[in-house]
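Residue numbers (our numbering), protein chains in the order written: chain A, 63 to 197; chain C, 63 to 197; chain F, 63 to 197; chain L, 63 to 197.
There could be a bad hint or two in this list.
All copies of an identical chain are treated as equivalent in the list; a pair is satisfied when it fits inside any one copy or across any two copies.
To be verified - SDA-like mimics (lysine to any residue), calculated; alpha carbons at most 25 Å apart, straight line:
| hint | residue 1 | residue 2 |
| --- | --- | --- |
| 1 | LYS135 | CYS151 |
| 2 | LYS135 | ILE94 |
| 3 | LYS156 | ASP141 |
| 4 | LYS135 | SER183 |
| 5 | LYS156 | ARG128 |
| 6 | LYS135 | ASN70 |
| 7 | LYS135 | ARG154 |
| 8 | LYS156 | LEU142 |
| 9 | LYS135 | THR176 |
| 10 | LYS135 | GLY111 |
| 11 | LYS135 | MET101 |
| 12 | LYS135 | ALA195 |
None of these hints come from the bench; they were simulated from the model.
The structure presented is a predicted model; accordingly, all values stated were derived computationally and were not measured.
4 protein chains.
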Amino acid sequence: MSTTPKLNDGISVELRVRYCECDPMRVAHHSIYPVWMEMARIELLRCQGRPHHLLEAEGVHFVVARMSMRFRKPARYDDLIRVHVRMDCSGRIKVNHSYDIYRDEQLLAEAQTTLVCVDASGRPRPIPDGTLART
Amino acid sequence: MSTTPKLNDGISVELRVRYCECDPMRVAHHSIYPVWMEMARIELLRCQGRPHHLLEAEGVHFVVARMSMRFRKPARYDDLIRVHVRMDCSGRIKVNHSYDIYRDEQLLAEAQTTLVCVDASGRPRPIPDGTLART
Amino acid sequence: MSTTPKLNDGISVELRVRYCECDPMRVAHHSIYPVWMEMARIELLRCQGRPHHLLEAEGVHFVVARMSMRFRKPARYDDLIRVHVRMDCSGRIKVNHSYDIYRDEQLLAEAQTTLVCVDASGRPRPIPDGTLART
Amino acid sequence: MSTTPKLNDGISVELRVRYCECDPMRVAHHSIYPVWMEMARIELLRCQGRPHHLLEAEGVHFVVARMSMRFRKPARYDDLIRVHVRMDCSGRIKVNHSYDIYRDEQLLAEAQTTLVCVDASGRPRPIPDGTLART
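With the rest of the complex left out, here is chain A:
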């Protein structure tokens, strides 16, 4: 038995809600959640051994093709937020991720994305072997 988080279970990143990310309703604007999700997803890539900027230098880019989000509770200025990201499945050119966004133990939002691997000019290309290794 192990309680050690495995990469298979995904990773979490923590961040603090910025003042300018909040709108006149005094809550984080919903358009900032995809930014937080991207930060977590890129960090997952780094843990998988392939830093984002190295992949880009090799002409391997990922673009978001689909995104769905459900907002349950608002995040507020200065809240410490935890974004948990998990790779659900990957195919030849696509990869799916799931996200859970928490403040303490409270679930604020859930999301899913589908990314497509493209080359520097934006054309779909196969994901190179080992890019998304889940060792």
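Take the given structure of chain A and dock chains C, F and L to it, following the hints.
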């Protein structure tokens, strides 16, 4: 027969992609689309006769509860973009919208949102009669 | 005598303050003003006959080296804002602009920038002849 | 003799440049620097013993009245940035800060701001005693 756009058919807003909305891939970052969608949705509200700031002054706010997006083609810096928004259906406290985002006649992205009506403190409340009139 | 605006006198662009550009104080966050200024400055470049994306394709980029701003009155959500930009002077590799930001006749903010011309790799280079023509 | 950092000498915050903060030139857009500066400034306030949200609850807000920035070197995606902020002087209703922004030991940008203390409706008001204590 009429080719005049009816409010039932929604409205379109045009905007130009800003330089800082584009990322190192030289395309509009996906997190900016919800901002464009909100601009169109608020304009629709204005056309429905209830400006957003008046509603807020009356304690009528709408928060995004669900959002799904499909990205088909990238938008690039300085592109002139047309965001078409349509109200799909509304219930007692929720309202659904659909969005199509174009550059010229090319469909770049599609999206749907579900908004929930809340009061100033964020608690769900009924949508006041006439707020989303589709005359 | 002529009341026709001359390019020497600069140009103005109009824009509407977006909801997500406003912070919990219900005013446009100060970090959005440089974005508005850039929009006006790029439009001035377009009027000077050299669209920004063509210049970039030729390896002519401008980066902001200095910026100073004075904020006099807040801009609020949905305000219609007018950003007036004027080229003050240009040298071999630098160009200075001034900005006045208005709501109706009320001056909200003033700003100045110094831009440096750089090549695609970010190294300073001379501004090509005719780029900033003030005919 | 002490090498312990004193509050008088200011504080530093570290942050990583986000992908969407970078523009097609592949560098952090200049409009994000005021956001980073605000993060550091608010953290300084927290160290001075008065968290930003408590001040706001008491009707004590600070708005940026003046800002000047000098950009020396670009910041790039995924760079680890250190923003050092120092309170220069404060008067009855105004306070001045200076900022130095580094990547490792390299100075990327310098900036200064003047903030004005205002009440919830935006009218200037005296800074309450002890708000900016430099013990």
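We went through each hint and held it up to the structure:
When the C-alpha separation of LYS135 and CYS151 is checked against a cutoff of 25 Å, the pair qualifies only between copies, where the shortest distance is 23 Å, while the shortest distance within a copy is 28 Å. In the homo-oligomer, the alpha carbons of LYS135 and ILE94 lie at most 25 Å apart both inside one protomer (14 Å) and across protomers (21 Å), since each shortest distance falls under that limit. For the homomeric pair LYS156 and ASP141, neither the shortest alpha-carbon distance inside one copy (33 Å) nor that between copies (27 Å) is at most 25 Å. With identical chains, the CA atoms of LYS135 and SER183 are at most 25 Å apart between copies only, with a shortest distance of 12 Å across copies and 39 Å within one.
Taking identical chains as interchangeable, the C-alpha atoms of LYS156 and ARG128 lie at most 25 Å apart whether they share a chain (11 Å) or sit on different chains (23 Å). Taking identical chains as interchangeable, the C-alpha atoms of LYS135 and ASN70 are never at most 25 Å apart, the minima being 27 Å within one chain and 31 Å between chains. Taking the closest pair of Cα atoms, LYS135 and ARG154 come within 25 Å of each other only across two copies (20 Å); inside a single copy the shortest separation is 36 Å, beyond that limit. With identical chains, the CA atoms of LYS156 and LEU142 are never at most 25 Å apart, being 31 Å at best within one copy and 29 Å at best between copies.
For the homomeric pair LYS135 and THR176, the shortest alpha-carbon distances inside one copy (24 Å) and between copies (15 Å) are both at most 25 Å. With identical chains, the CA atoms of LYS135 and GLY111 are never at most 25 Å apart, being 34 Å at best within one copy and 29 Å at best between copies. In this assembly of identical chains, the alpha carbons of LYS135 and MET101 lie at most 25 Å apart whether taken from the same copy (20 Å) or from different copies (23 Å). For the identical chains of this complex, LYS135 and ALA195 are neighbours neither inside a copy (33 Å) nor across copies (28 Å), given an alpha-carbon limit of 25 Å.
In this structure, the hints that do not hold are numbers 3, 6, 8, 10 and 12, in rising order.
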